[in-house]
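Colleague: Reassemble the complex: the two chains are provided individually, in unrelated frames, and hints are given to aid placement.
From first to last, the protein sequence lines are chains L and W.
Under the numbering used here, the first residue of the first sequence carries the number 1, and numbering increases by one thereafter.
Under the numbering used here, the first residue of the second sequence carries the number 1, and numbering increases by one thereafter.
A portion of the hints provided could be inaccurate.
Claimed, not checked - Below 16 Å or equal to it, Euclidean Cα-Cα: the simulated EDC-like pairs (lysine to aspartate or glutamate) are:
1) 151(L) <-> 263(W)
2) 361(W) <-> 246(L)
3) 149(W) <-> 245(W)
4) 258(W) <-> 174(L)
5) 232(L) <-> 46(W)
6) 152(W) <-> 66(W)
7) 232(L) <-> 51(W)
To be verified - Restraint ranges, calculated between C-beta atoms of paired labels, are given here:
8) 213(L) <-> 243(W): 31 to 41 Å
9) 244(L) <-> 395(W): 19 to 29 Å
10) 7(W) <-> 244(L): 44 to 54 Å
11) 65(W) <-> 217(L): 26 to 36 Å
12) 159(L) <-> 250(W): 19 to 29 Å
13) 254(W) <-> 213(L): 28 to 38 Å
14) 78(W) <-> 261(L): 32 to 42 Å
15) 250(W) <-> 115(L): 46 to 56 Å
16) 236(W) <-> 189(L): 47 to 57 Å
17) 250(W) <-> 154(L): 20 to 30 Å
Unchecked claim - Sample of chain L residues lacking proximity to chain W, with all beta carbon distances greater than 12 Å (derived):
18) 194
19) 195
20) 197
Keep in mind that the hints were calculated from the coordinates and are not lab data.
Each residue gets a CB set at the ideal place from its N, CA and C atoms; glycine is no exception.
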Amino acid sequence: MVKIKVVVCIKQVPGTTDIHIDPQTNTLVREGVENIINPFDNYALEEGVRLKEKSEEISQTVALTMGPPQAEQILKDALSVGMDEAVLLSDREFAGADTWATAVTLAAAVKKIGDAGLVIFGKQTLDGDTGQVGPEFAQRMHMPFIGYVSKICKLDRKSIQAERLMEHGYEIIEAQLPAAISVVKDINEPRVPSLRGKMKAKKMEIPVWDRHHIGLDAEQVGLSGSFTQVVKVFTPQSKHEVMMLEGSTAEQVEKLFGKLKQLNVVQGA
Amino acid sequence: MDIKVFKDKCTGCKLCQKVCFYDAVDIKDKMAYINENCILCGACIEVCKFDAIEIKEQAPDMDFTDHRGIMVYLETHDGRVLDSGFELLSEANKLKKDLDTPLYALVVGNICQDEAKKAFRYGADWVYAAMHAVFENHFDDIYSKVLVKTIKKVKPDIFLGAATPFGRTLIPKVAAILKTGLTADCTGLAIDSQSKLLKQTRPTFGGNVLATIVCKKTRPQMATVRPHVMEKIEIDAPKQGQFKEIKIQPGHYGTQYKMTGTDKKQEESINLSDYEVIVAGGRGLGEGKNFSMLKELSEVLGAGLGASRAAVDSGWISYPHQVGQTGKTVNPKIYIACGISGAIQHLAGMQTSDIIVAINKDAAAPIFKVANYGIVGDVFEVVPKLIERIKSGKPLIE
Ligand SMILES: Cc1cc2nc3c(=O)[nH]c(=O)nc-3n(C[C@H](O)[C@@H](O)[C@@H](O)COP(=O)(O)OP(=O)(O)OC[C@H]3O[C@@H](n4cnc5c(N)ncnc54)[C@H](O)[C@@H]3O)c2cc1C
Ligand SMILES: Nc1ncnc2c1ncn2[C@@H]1O[C@H](COP(=O)(O)O)[C@@H](O)[C@H]1O
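One chain only, chain W, in its complex shape (with noise of 0.2 Å):
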C-alpha cells in the first residue's frame, strides 16, 4: 500500500484515529500505524497537524497537449433540452476562461435545429447535435456510441454531464469505454491554477464529508455534476458559433434493449428536480390522507411533493416522492419541510437546498439545524392558515 507514517514526524497524537472512517489506524508507542482497513481516502493527512501522513502518488508525467476545451452533454426529453445542461454550459462558460479553450456543446436526442442551437445562448463556441428518431428511447448503448464517436473526435480535456438518473447510467458507460476517470454527482467544479487540473468536488457520507477528486492519468477528465447546483446563466448578446450536425445512420444505432412499457403520465409534481419549490411532508402528517393538505399547499406554490421515508414507509405517498439517502437527491431554491424531524438520512437528500423552511412542533427536532427560517407550530395549523393566506392574498392580521 502507498500510504505512509513518517517515525520522526508522528507524535501519536491520535487525531488521524478519531476522524479515518474505516478503522485503519492504530495507535502503538506513540506511534500511529495504517492498518489493512485503509482505503486511501486521505481524510487523516487532512487533519494531521505534523505533516506526518504521505499517499504516495506515481505522477506520470503525461503530455495531454492534444487535448483541448471543455465539453457538456446536453440531455434531452420529449424533445427538449434540459435546464441542467444549460446550467453546466454556464459554469464551463466560467472555468473556460481559466484554461483558455473553446467550449463545446454536445445535444443528443429526438429534437430540431432551433432546440440544440439554444446551446448558444449558454456560451457554447460549438455546437455538436445529434437529432434522429433512434433517440427516442434513453438507452445507454445507443448514446454511448455517439457520444465516444464525438469525444474521440474533438478530444476535450474536460467532459461534464448532468447527474440525472440517465446520465448517471449513460456516462459511467462512456467512462468505462474511453477507460478514463469518472467523478460522481459533482457540486463544485474549479481549475487548480499551477496544475491545471479539474478539481471536482462531490458530498459524500450522506453530505457530511466533502471530497475533491482529480483525474491525472487520462483524458478526458470525466465528471457528472448534480442538477440545479450551478446557475443558469443566459448571455445578452450571444455570438454564433459553429454548429456541426452529426449525421446518423439508423443502422449503425442497434439496441440490446426493448421498451415495453412506460408510465409516463404518472401522478403530476413527481419529478422533484424539475421544481424550484418543494414542499414535503414527514411523520407529523399523523396519517396518509392527511397529504391532500400538503399537496394543495404544493399546487397553490406550483411547487412539488416530496416525503420523509417515515411517509413512504407508511404507505401514505409512493417512493418516487421519497427524499433521502434511499430516494431521491433534490437541490431546489426553497424547501418547505411540514413535520420532518431532519433525521440525518433525510438530511442528506435536501440539505444543499437554497433556503429551507421547517414547520414543526419540536423545537427539539434536527430539521431546525439545517433550515434557514423555523415555525415551531402544528402542520395542521400553520399550513392550512399558509394556504389561505396566498390564495386570498390578504393579511392575517391588521
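Okay, chain L solo, but in the shape it has when bound (with noise of 0.2 Å):
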C-alpha cells in the first residue's frame, strides 16, 4: 500500500474583532480588518505538520482552501508553518457556494490530489460558522467522519483511533482510512512560522484550479450548485442597558440576591 497524504482544508475570513456597529447607521462597519486565516484552522495545520513529523506512513501534506485569488496568502501562511504542498480553488462561478457546494467542490479537488488518507477541518468559520462543511464532504467522498477531534491516539496507513468532545465527555472512537475530521482548539498549540519557513513559502508557486481543472459543471458549484441562499444580513437591534448594582460590597451582594430571587434561583428571606 502506498504511503498517504494528509490534506488540510482551510478557509480565508475576515476577522471579526474589528467589526463595530456604526450608531449613526446601524450598520456595520469593517474598516481596517483584516483577513485572516480562520482560527481553528490553524489547529488543523499544526495537527497536520505534526503527524508528517511523528510517522512515516505520510508522504506529503496538502493545505486546500477555495476562495478569492486573495486566499493564497493563506496558502503561503501554511507553506511558512511547514505544510509540503498547497492548492487554491480560485474561480468567480466557485461564489456563493454554500456549505453543500463547498463541500462538493473541495471532494472534487482532494479526488484529483489523489492518495488522500486523512483530511482535517477546522471545528467551524468565522463567519459562516456552520461547522458543516466537513460533515458534508466526507458524506460526499463516503468516508467516515469524526468531529470535535481533541487528540489523534493513533494513526497509521489504515485507520485513526481519535479522542472527540461530545456533550458528554470525551470518546475514544476508531474508524478506516481514508477518513476525515473536524479538530478544537484544545488538540495542540500551533507554532509560529520560522524565518526560514517564510523564506522557503514565498518562493514556492501555489497552483490555482478553477472548476475545469476538477471536471466540475457549472450547475455544481457557487450560487447555482447551492441549495440555501442567504436573504438577509442585518445587525440585531441593542437590547438593553446594563442596569449597575451600586454601594458596599454588602449593599451590591443584597441587591443581587434580590434580583437572583426574582428570578427563582435562590431562596430566602
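Modeller: As C-alpha cells, this is what we get:
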C-alpha cells in the first residue's frame, strides 16, 4: 500500500475583532478588518504538520482552500508553518457557495490530489460558522467522519483512533482510512512560522485550479450548486441597558441576591 | 457572478463598501463595482438606500406539494430524550399553525416506549420511534440510516434537529445524503406569509450579525437549532396521536466506527448546556486555585462552571469549560461572569443568554455592555459574600 497524503482544508475569513456597529446608520463597519486564516484552521494545519513529523506513513501534506485570488495569502501562511504543498481553488463561478457546494468542490479537488488518507477540517469558521463543510464533505467522499477531535491517539496507513469531545464527555473512536476529521482548539498549540519557513513559502508556486481543472459542471458549484441562500443580513437590535448595582459590597450583594430571587434561582429571606 | 449594480440608481455613496466584510466593493466614478472577492452574502443589498444592487435569483418553479408537515428529530442520551428536542417540538407546534400541517416527532435511541411517547406532551401528532440497542453509541452512519429512511417515507416539508455536537455531525450527513439545504445553529424560525418558506435566522460573525437563510430548490428544508433558545411548552391536555414503531433489523445497521473508550464520568458541571445557570470565571481570578471559590458558588446555585479563554489557556481549568468563539456556545437563563473582561470572542459564546450578570473591578470592561446587571467590585469580596448570603438565607444588612 502506498503512503498516505494528509490534506488540510482552510478558509480565509474577515477577522471579527474590529467589526463594530455604526451608531448613526446602525450598520456594521468593517474598516480596517484584516483577512485572516480561520482560527480553528491553525489547529488543523498544526496537526497535519505534526503527523507528518511523527509518522513515516505520510508521504505529503497539502493545504487546500477555496476562495478569491487573495486567499493565496493563507496558503503561503500554511506553507510557512511546514505544509509541503498548497492548492488554491479559485473561479468566479465558485462565488456564493453554501456548505454543500463548498463540500462538492473540495471533494473534487481532494480526488484530483489523490491518495488522501486523512482530511482535516477546523471545527467551524468565524464568518459562516456552520461547521457543516467537514461532515458534508465526508458524506460526499463516502468517508467516515469524526468531529470535535481533541486528540489523535493513533494513525497508521489503515486506521485512525481519535478522541472526540461530545456534550457529555470524551469518547475514543476508531475508523478506517481514508477518513475526515474536524479539530477543536484543545488538540495542540500551533507554532509560529520560522524565518526559514517564510522564505521557503515565498518562493513556492501555488497552483490555481478552476472548475474545469477539477471536472465539475457549472450547476454544481457556487450559487447555482447551492441549496441554501442568504436572503438577509442585518445587525441585531441592541437589547438593553445595563443596570448597575451600586453601594458597599454588602449592599451590592444584597441587590444581586434580590434579583436572583426574582428569577427563582435562590430562596431565602 | 449573479450580482448586479444598476447604473441609473447607484450614487456612489459608499455605504455598501463600508458594510462589506469581504473587500468586494470598489467605487469608481461615483459608481459601485463588485469585484471577485464577493461571496454574495447580501449585506450590501440590505444597506443600499437606492435599491441599486440586486442578486439575480433563478427562482425555479418547483412543485413540492408532495412534501407536507414538520418533522422534529429528538436526540436521546442514556435512555432519555434531551430537552432540546422538546423545545424544538414546542416551537414547531407554533410554526405548524401557519402551515396547517401535521407535526411528526422522530425519536431515535436505546430507549423505551414511554420515553418516546413523551413527545405527545409537546404537540406531536405522530411519533415515529426507533428504539434499539444499536443506537447505544452515537455513530452518525447508524443514525443517518434511520433518519434518511423515515424522511424519504414521510416526506416532511421541514426537518429540524437540535444543534448539539452530535446533531451538528449527524444532520449535515443526512442533508448531504438527501441532497438538500441545511441552515446551521438557528436562533429564530418563521414561516414567510407569502411564499410559505421557512425563514431561518442565525447569528454569524460571532453573533455580531444575523443572517436569514432560505432553501428554495430542495426538500425538506432542514435546520439545526441552538439548544435553549426556544421555550419548552408542555400542553395541558395533549391528545393521543399516532405512535409508529420503526422496526430495526440490527443486521442492516452496521457501522464504520468502533468505540474504544469513553470518559463520561468527567468532572461535574462540564456539560454546560444542561444548566439553566452558568457561573464563569476569567483572568480576574488571578490564579487557578481561586476557581475553587467559583466552584463553590456554582454548587450553591446548582449551576454549570464556565471560563474565558484566558483562564483555560493559563491552565486554571480544562478546555471543556471554555465559553466563546473557540469554545462552547451557551444559552442559559442566567450567566454570571466573574472577572471576565468580555472580549468579543467571549461574548460570541454567551451573549444570547437571557440574563447576564457581570462582576468586574474595571467599570470600563466591555462585559458591562452586554450585561443586564453589573457590579463594579472585586470578585474576591463579592463572590464569598454572595456564597455566604445564599447559604445563610439571611440578609447581610438589617
Ligand atoms: C452570513 C452567512 C450565513 C451562512 N449560513 C449558511 C448556512 O446556514 N448553511 C449553509 O449551507 N451555508 C451557509 N453559508 C454559506 C457558507 O458559510 C459558505 O460560505 C461555505 O463556503 C463555508 O461554510 P462555513 O464557512 O460555514 O464553513 P464551516 O463548515 O464552518 O468550516 C469548517 C471547516 O471547513 C473547512 N472549510 C470551510 N470553507 C472552506 C473553503 N472555502 N476552503 C477550504 N476549506 C474550507 C475548514 O477546514 C473549516 O475550518 C452562510 C454564509 C454567510 C456569509
Ligand atoms: N480581583 C478582580 N475582581 C474583579 N475583576 C477583576 C479582578 N482582577 C481582574 N479583573 C478583571 O478581569 C478581567 C480579565 O478578564 P479576561 O481577560 O476576560 O479573563 C479584566 O476586565 C479585569 O478588569
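Colleague: Does the claim that residue 195(L) lies outside the interface with chain W hold up, using a Cβ gap greater than 12 Å?
Modeller: Check passes; 26 Å lies beyond 12 Å.
Colleague: Compare the distance between the alpha carbons of residue 232(L) and residue 51(W) with 16 Å, and conclude whether the hinted pair is satisfied.
Modeller: With Cα atoms ~14 Å apart, residue 232(L) and residue 51(W) stay inside 16 Å; holds.
Colleague: In this structure, is the beta-carbon distance linking residue 244(L) and residue 395(W) contained in 19 to 29 Å?
Modeller: holds, 21 Å
Colleague: Taking C-beta pairs only, is residue 194(L) more than 12 Å away from all of chain W?
Modeller: Non-interface label on residue 194(L) holds, nearest chain W Cβ at 23 Å vs cutoff 12 Å.
Colleague: CA of residue 232(L) to CA of residue 46(W), is that 16 Å or under?
Modeller: holds, 7 Å
Colleague: Could you grab the alpha-carbon distance between residue 149(W) and residue 245(W) and see if it respects the 16 Å cut-off?
Modeller: holds, 13 Å
Colleague: When you take the CB atoms of residue 250(W) and residue 115(L), is the distance between them in 46 to 56 Å?
Modeller: Check failed, 35 Å falls outside 46 to 56 Å.
Colleague: Determine whether the Cβ-Cβ distance between residue 250(W) and residue 154(L) falls within the hinted range of 20 to 30 Å.
Modeller: holds, 28 Å
Colleague: Just to be sure I understand the hint, the distance between the Cβ atoms of residue 213(L) and residue 243(W) should be within 31 to 41 Å; is that true here?
Modeller: violated, 53 Å
Colleague: CA of residue 151(L) to CA of residue 263(W), is that 16 Å or under?
Modeller: holds, 13 Å
Colleague: Hint check: residue 152(W) vs residue 66(W), CA-CA at most 16 Å. Holds or violated?
Modeller: Measuring from Cα to Cα gives roughly 11 Å; hence the hint holds.
Colleague: Can you confirm whether the C-alpha distance between residue 361(W) and residue 246(L) stays at or below 16 Å?
Modeller: holds, 12 Å
Comparing the model with each earlier hint shows violations of hints 8, 15; every other hint is respected.
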